[in-house]
Each structure stands twice: as C-alpha cells, then as structure tokens.
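**Student:** Each chain, letter by letter, is given below.
Number of protein chains: 2
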Amino acid sequence: MKEKKNSGNEGSGVKEEIRQYRDRLLVQQQQIREKGLPVVILVEGWAAAGKGSLINELIYEIDPRLYNVVSPAILPNREERYPFLYPYASAIPENGKFMFYDSGWMEAAVRKYLRRDITKAQYKDRIRSANEFERQLRDGGYIIIKLFLDISCEEQQSRIAELRSNRETEWRVTDEDIWQHREYDLFRKTYEEFMEKTDKYVPWHRLDGEKKKTALRDALELLVKSLDKALEEGRYCGKPFKEEFPLLKMPKLKDVDLSPSMDEEEYRSELKTLQSRLGELHNIIYRKKIPVILCYEGWDAAGKGGNIRRIARPLDPRGFDVMPIASPEPHELARQYLWRFWTRLPRTGHICIFDRTWYGRVMVERLEGFCSEDDWKRAYNEINEFERQLTDWGAVVIKFWIQIDPDTQLERFNDRQNTPEKQWKLTEEDWRNREKWPLYEEAVDEMIEKTSTENAPWYIIESNDKKYARIKALKIVTETLEKACSEQIK
Amino acid sequence: MKEKKNSGNEGSGVKEEIRQYRDRLLVQQQQIREKGLPVVILVEGWAAAGKGSLINELIYEIDPRLYNVVSPAILPNREERYPFLYPYASAIPENGKFMFYDSGWMEAAVRKYLRRDITKAQYKDRIRSANEFERQLRDGGYIIIKLFLDISCEEQQSRIAELRSNRETEWRVTDEDIWQHREYDLFRKTYEEFMEKTDKYVPWHRLDGEKKKTALRDALELLVKSLDKALEEGRYCGKPFKEEFPLLKMPKLKDVDLSPSMDEEEYRSELKTLQSRLGELHNIIYRKKIPVILCYEGWDAAGKGGNIRRIARPLDPRGFDVMPIASPEPHELARQYLWRFWTRLPRTGHICIFDRTWYGRVMVERLEGFCSEDDWKRAYNEINEFERQLTDWGAVVIKFWIQIDPDTQLERFNDRQNTPEKQWKLTEEDWRNREKWPLYEEAVDEMIEKTSTENAPWYIIESNDKKYARIKALKIVTETLEKACSEQIK
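Those sequence lines, one after another, are chains A and B.
The first sequence begins at 0 in numbering that gives the first Met the number 0 and counts up by one.
The second sequence begins at 0 in numbering that gives the first Met the number 0 and counts up by one.
Chain A with its partners taken away, still in its complex shape (with noise of 0.2 Å):
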C-alpha cells in the first residue's frame, strides 16, 4: 500500500507558479551570459530528500551550454588527496555560467565529522573554512544560493523502503545512506548547527522536500530573485576585510643586508649534503603523505630559476612538479582568481613548486590595474585564509622572496643581453617592470609584512649572490621539512 504523499497536487496555482518563474529564467539566463555573472547553486539534504530530481527540474529551462552540475561527493577517494575545499573550489563556475553542486561542502563535513574521520577542532576548522569560501566568491562577484532540502525521519524511511523494493533502483541506497537514516536524529542536529554557522555570509534556505512542486517553486523562485537582484545591482565587488593572522614580524626590503655570499668551495660542499639530504625526506614525505608547497617570487633576473633547479635536482621526477605561473589563459581569468592555483595543487605526498604565485594579485595586478583596489586590497587577508587552508590540509608552504638589489638586477640585465642564448630570458616588460622598482619595492614590503603568518612565513633570500641565496633556500626546505617530518602527522 502506497500513501500518496509526493503526489505533488498542491494546485494549479503552484504549477502556474512554476510555469512563470521558468519563463523568466529563460529570458534571464542570456543577461547573466552577457553581463558575466557567475552563479552557484549548492544543493544540501538528506539521502532520497529529491535533490538530484530537484537539480534535473531546475536546468530545465537553462541552456545546456550555460550550466554543469557536479557531484564533489561521488568523486570517489580523489578528495582524500586534496585538500578538504578542493572539489568544490576547482568546479566553480566561470563567468556567466551556472553551476550546481549536488551536495557539498556541508555534507563533506558533516559526514567525516560524523564518521570520526576527522577531529571537533579539524571539523570546527572546515566550518571556518566554508565561510571563507562562500565570501571569497561573494566579494568576488559570485551569486551563490544554498539550498537545504528537508524531509523527516518517516519520510526518508519510506522513501529508502521504496527505493530498495525495486530492483531497478535497490543500489541507489548506499550504507552511507542507511546509517545516516539510522542516525537521523545526530545529523539533523549536526546539519543545523553547520547551517547555523554558516550562515553568515550566503544565507541557507529550507526547502520542504515532502511537498516535491512547492519546493521547486520555492527554489526557482529564490534563484529568479537572486539572478533580478544581480542583474539590477551589477557584479559585486567585496570590500577589504581583516581576520586577525599570527602574523610574523619581518624587515623592510630596503634593510636586508644584500652582502653574504659563499665561495665556490664550501658552496659545493653545502650544496652536496643538503641535496643528498632532501632527496631522502623526499622520500619520508612520499610515504608519510605530506604535501609541500614551495612559493618563489622575486624581482625579474633574482636567480629564481636557479635557485628552483638547485632544489629540484635531488627530487625523484614522480613526485614534484614546478609550475610556471604566467599571466591568465582567458579561461582562468573567467574565474575568481585563485581557481588556477587550487586546479594546480599537488597530491599528497607530492611537492609542487610554484614558479611565481597567488601572489601575483597584490604586486603585477595591483600595479597594472588589472584588479580594482578592493580586489587587491582584499586578497591579503584572501590569501592567508587559503594558505591556512593549505595548512589546515596537513600542507608545509615555503615562500621565498628572492632580493636582489637595481645595480645586481641592471648587471644580469646587460649580461642577458650581451649573451645570445640568454637574450630570450630578457623582454621589455621587464625594463618596464624594472622602471617601477619603488613602486614594485611598497607592494611587496605590504605583501610580506601582511601575509607572513605562522603556518606560512616568507623567506626573504638575498641572491645578490646566487650561490648564496640556493644554500640559504635549500637550508630552509630541507630544516622545515626536517621538522614536518618528525612531528606526528594529523
């Protein structure tokens, strides 16, 4: 005997409902193409609330070419090798898409917690986490709605009964689902909170997944108001913002004594043991799973790629990457401005060098324009709260300054050009960029002094002599390595 109770005959007035905020989505989604807009939609609730029909209901009207949708959760152990917002971050939308998240970073949470896969203070960190995520897109320009998809312990009772009678659709109720039934009580209580907590920048939504049209027409209705608020206020643009970090307190550039330098001999020497010595934590990072994240930036001609070399030479190949970070493809500037650095992370286990960085938005795109000064002046804080992510993951993240002084840079300069096979290191961006040295020299000295944190110092490395400067890296990495080693792993 079958109740009828998703019968969905809550009226024609529903429908007729339905039927006008569909009409207007149709005409809305080519505003949102033409002006730009990305929009997430993220879709919680419980196992058989109807989110996966709910998502199907919602596209209708959406051309094909203008949405995706992702389910971060059956991407099956891929996450267990990123960090926890990686997923998600790597399938925002670019702009004017939509994109629907068929549950999320919530359940991700919410069910690792639950599992005791994850401690109270490392689950409270991916709360923290979540809010610095949901207003990192925000302020930078995304339309997010959340949406909860609610149905009682009954409901899902019957609903899993029905599912499971059918042979056709038995293996569409996972365990997970089954204990989540059986502990319906625990997650609606660890749901609420996490809405509770989460609800401070992108607002959560209950939709009453017993009721299958007013839900639709709740939800369609929430996203049509959104989309017209959109497109009436413009893109918005988030102010700066300042969390407290565990900052470090570091010199000014003007005051590093550019005078060490280390004579051939004892570089060979040096360079010898500490390579031989990172090869072998290489190894114990390997199997202990750790991943390190190394960051160069630099003035233009500072020894940045030799230095790289130095540390890469004793690396086994499988297991690093360097990437060079050049100005944006079109479709990474699509995107919020961190998308082409949580696409590029490495596993676990593995170390990625990053040959220049995030960074690049409080220096080149700062000076250049090419953000607005709430943008840049915004991403310090931005950025801390992804490098503490980073950290959170169980990450080791180096970032070297590499400091040289003008009459060292002029020298290498000249010397590019006079040399044939190195004239092509030398462009006249980088006569232009060196034109602009004081006004390169605040940004950093800001960028240093404001986002030096604990979990993530910078390293300034004076490379007025090379080999110097590839001792004093080396040193860095193999004692801060040493140590990540040594502790006990989360």
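Please keep in mind that the hints were generated in silico from the structure rather than gathered at the bench.
Worth double-checking, as some hints may not be accurate.
Now the stretches of chain A that chain B is said to cover, found in silico as 3 or more residues with beta-carbon under 8 Å [what the hints assert, rightly or not]:
#, stretch
1, 35-48
2, 301-309
In silico lysine to aspartate or glutamate, EDC-like type, Cα no more than 20 Å apart, as pairs [said to hold, decoys possible]:
#, chain 1, residue 1, chain 2, residue 2
3, A, Lys288, B, Glu33
4, A, Lys435, A, Asp404
5, B, Lys424, A, Glu33
6, A, Lys424, B, Asp22
7, A, Lys271, B, Glu56
8, A, Lys421, B, Glu33
9, B, Lys424, A, Glu56
10, A, Lys271, A, Glu478
11, B, Lys421, A, Asp22
12, A, Lys288, B, Glu56
13, B, Lys288, A, Glu169
14, A, Lys271, B, Glu60
15, B, Lys421, A, Glu33
16, B, Lys287, A, Glu167
17, B, Lys271, A, Glu56
18, B, Lys288, A, Glu33
We put the CB at the ideal spot given by N, CA and C, even for glycine.
Position chain B against the provided structure of chain A, taking the given hints into account.
**Tutor:** What follows is chain B alone, placed relative to chain A:
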C-alpha cells in the same frame, strides 16, 4: 659486500661527452621554445632499471618552466575509468615544451595483459592504439623519443635486494616489481614483442641500464640529435594516410527527404515514453559502467540545443555532462587538436553530450584555413582511430548530424532576429557561414562518407520539423543503449 658495478666509471671521455651534450641541450631548449616544437620522451624499462634517475639526469639542464614529468602508471585507479590511452593523451606537452613519461603505454599494456586483466584480442587492440597514438602525434609535429632501459635478470635481482635491505628504500619495491622479477623471461619476451610491433612510426632505442653513465650519454645523444634534426627541418606535418575502416553507406545531404513531421499529440506521447525509458536506461548504464558519448553537429539554427535538452531531461544530472565546444583556447591550440576532447571524456557509466565536436577539424578548420590541407585530410583517418579507441574501451558512440534546408534556416534566423530573447543566438558569423552553405555541404558530405563507421555511426536527423527530429534522436539513443545494455560487457 657490495660489488662495484653502477659506479659509472666508464671513463672520463663519457663524462666529457655528457657535458657537451648538456651544453648543447641548454641552447636547444630555447630554440625548441621559440619554434614552439613539442617534445615527448617516453622512458620505459624494467623495475629498478633506473628510469627515475635517468629522467632526473636528462632534465638537469632544462629550465623547469619548459618541462614536466608524468608517471601515469602511479595514478591509482584513475585510468581504470578512462580509455587505455587517456593518461598519456591527456598529458601531452604544449608547443615548445618537453614532457617526460616515466613509463607509459607499453608498461600499462604489457602489465594488464600478463595479469590477464585483458584478453589477447584486447592486447592487440592496445598495440594498434599505441601505434596510432604515436603516428598521430608525430604527424601533428611532435618530436618523440622512445627509450627502453634494459637490465639483466641478475642485475635486477641484486638491485631489488639492495633496495629491500634499506629501511629508507624498501617501500620502493612493490609487489608488482617482485612479480615482474619472478616472471622476468615472460616479461622480456612480451616487451620485445611489443617493441617490435611498435617500431613502425617511432623507433625504440634500447639503453644499457647497467652502465649508468653510458646510458645517460646515449640518451642525451639521441635527444640532442633528434632536436637538431627537428630544428633544422622545421615542424613535421604528416601526409594523409588511409586505413581501412568498415564504413556504412550514407546518403548525400541533398538526397535527404526533409518532409517528415510529427503532430503535437504524437510528439507528447512519444516523448514521454522515450524519456521515461531513457531515464531507466541511464540507471543501467551507470551500474554496468558503460561510457556513452553523444555527438551533435549540424547547421546553425538546426535545433541542436533543443534536441540536446530533450535527451538531457530524463538523465540523472550526476551522471551526465553537456560539453559545449567553442573555438579552442590558446592552451588548447598549443596541443594536438584531439587533446581538448581527450580531456573531456566521460568516466565509465557516464554520458557526455558534445555540442559540436572534433569534427570541427574537417568543417570549420578546413574551410576557414585554420589548419593545412594535409592536416584536415589526415583527420578523417585520425578521427576514425580515435573513435575506435573509444569503442574498444566499451563506449557507445553516436553521432548526429542535425539537418535542415537553407530556407528553414533563413526562417529561423529571421525569427531569432525579431525575437529579443533569441537575438543572442544569432551572430554575424552565422550569416557569414550561411553564405558558405555549398562549401559546408560538400565538407559535411565528405565527412559523413568517410567517418560513418560501424562502431561509431552517423545519423542524419531531419530537423525541418523539430519535434520529429527530437523523437528520432531519442529513439536512436534509447535503441542503441538498449542494445548495449543487453550485450555482455567486455
């Protein structure tokens, strides 16, 4: 007691040669970068033969921004849900860069075969696919160097023993390595056969892994000479090349009767039945892990979008994607033309609907001169091979040509022009393309004639009446999937 065998004391002459080749490579890499030549270096060989160390030595003089190393073999389980060549095809370098494969398609094929994960017939298909892959890259201007690092059974034994005797290195010896060593003779025979059968387009080079220094010297010599040759001769472009594919007899477009239509009532009823069946089939597809690839090509305003939406409607959004294919982005143009499709393939059990496809090569790219005549003439064969690799994998591949006549197109263009919310769909380019109708028709006829294979057939969908077209496409999809679901899956 450790024997002195890998000491590399093969004379200082070798050392000097290595130095000279490295110096040459230092210069060459910049020329390779400037000329935008992509370089693939495949390093295959025995476990413990020193593949990683060899790669490490080879990259020593290469700027980290210009190379990458991939170990497709260690990507756990990933390849299992994708076609055989997926890990290699999706990792090809962009123009001007080097990609090192730390073991690749030979190791993967041989191992699966000896493990009996694949049949003899499937193994033969993989050998054929490997040849196709290498030829396609070569013809597309890639410089490819294939190395096999050889060691004897005794040498392997002593190296494995040494690795296992040290706590720091014992984890490096996997069960797979032990198995390979136990079956050394069988592996040798199989490697030799594989190399013999894949020496056709890109030759293999054997290196003596027991002599580290000379092996490195030989590898460097090969690399340097290949690069010199390529730099002198310029980018290679392969000639068209015809293999025999079982082609279906297809009509010319002008002979297609476009009069079929369907009344609203029949349409509604058929739509409901077919969509409901498709929804059920999607469940089975998902459970049986059958990958499905639907390709849409057709005239502007032929009704592709609406047709796709009727297919997508009953599908579980978690299990399908619509991939709109626009003009290639810079990072896509910098790689072989099929790369952007390789990287968009669905996982097993998923459906991917391509809204425009790789056939752009023989339509727009041909007609607009975006590739050379040899390029598009070669593409028929290359595309047939690509699609056969997909169906070898178990994929269902269905290709739709959505056909209308010029009058219908004009009507729809005018309708779009006069309807505000449809105007965005009509561009200047659409009008320009319309003027080239006869040229396009000729290209489409040739395309359909040359690429309608038994395994990946074209279906011409008469779309003067959109309702008729939608039902016809739905019927073809459901019937094909019915058949695929009822067959025994490989």
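**Student:** For each hint, tell me whether it holds in the structure or not.
**Tutor:** So, going through the hints one by one against the coordinates:
no.	hint	in the structure
1	35-48	violated (count 0)
2	301-309	holds (count 3)
3	A/Lys288 - B/Glu33	38 Å, violated
4	A/Lys435 - A/Asp404	13 Å, holds
5	B/Lys424 - A/Glu33	11 Å, holds
6	A/Lys424 - B/Asp22	17 Å, holds
7	A/Lys271 - B/Glu56	15 Å, holds
8	A/Lys421 - B/Glu33	13 Å, holds
9	B/Lys424 - A/Glu56	23 Å, violated
10	A/Lys271 - A/Glu478	15 Å, holds
11	B/Lys421 - A/Asp22	13 Å, holds
12	A/Lys288 - B/Glu56	25 Å, violated
13	B/Lys288 - A/Glu169	16 Å, holds
14	A/Lys271 - B/Glu60	17 Å, holds
15	B/Lys421 - A/Glu33	13 Å, holds
16	B/Lys287 - A/Glu167	12 Å, holds
17	B/Lys271 - A/Glu56	15 Å, holds
18	B/Lys288 - A/Glu33	38 Å, violated
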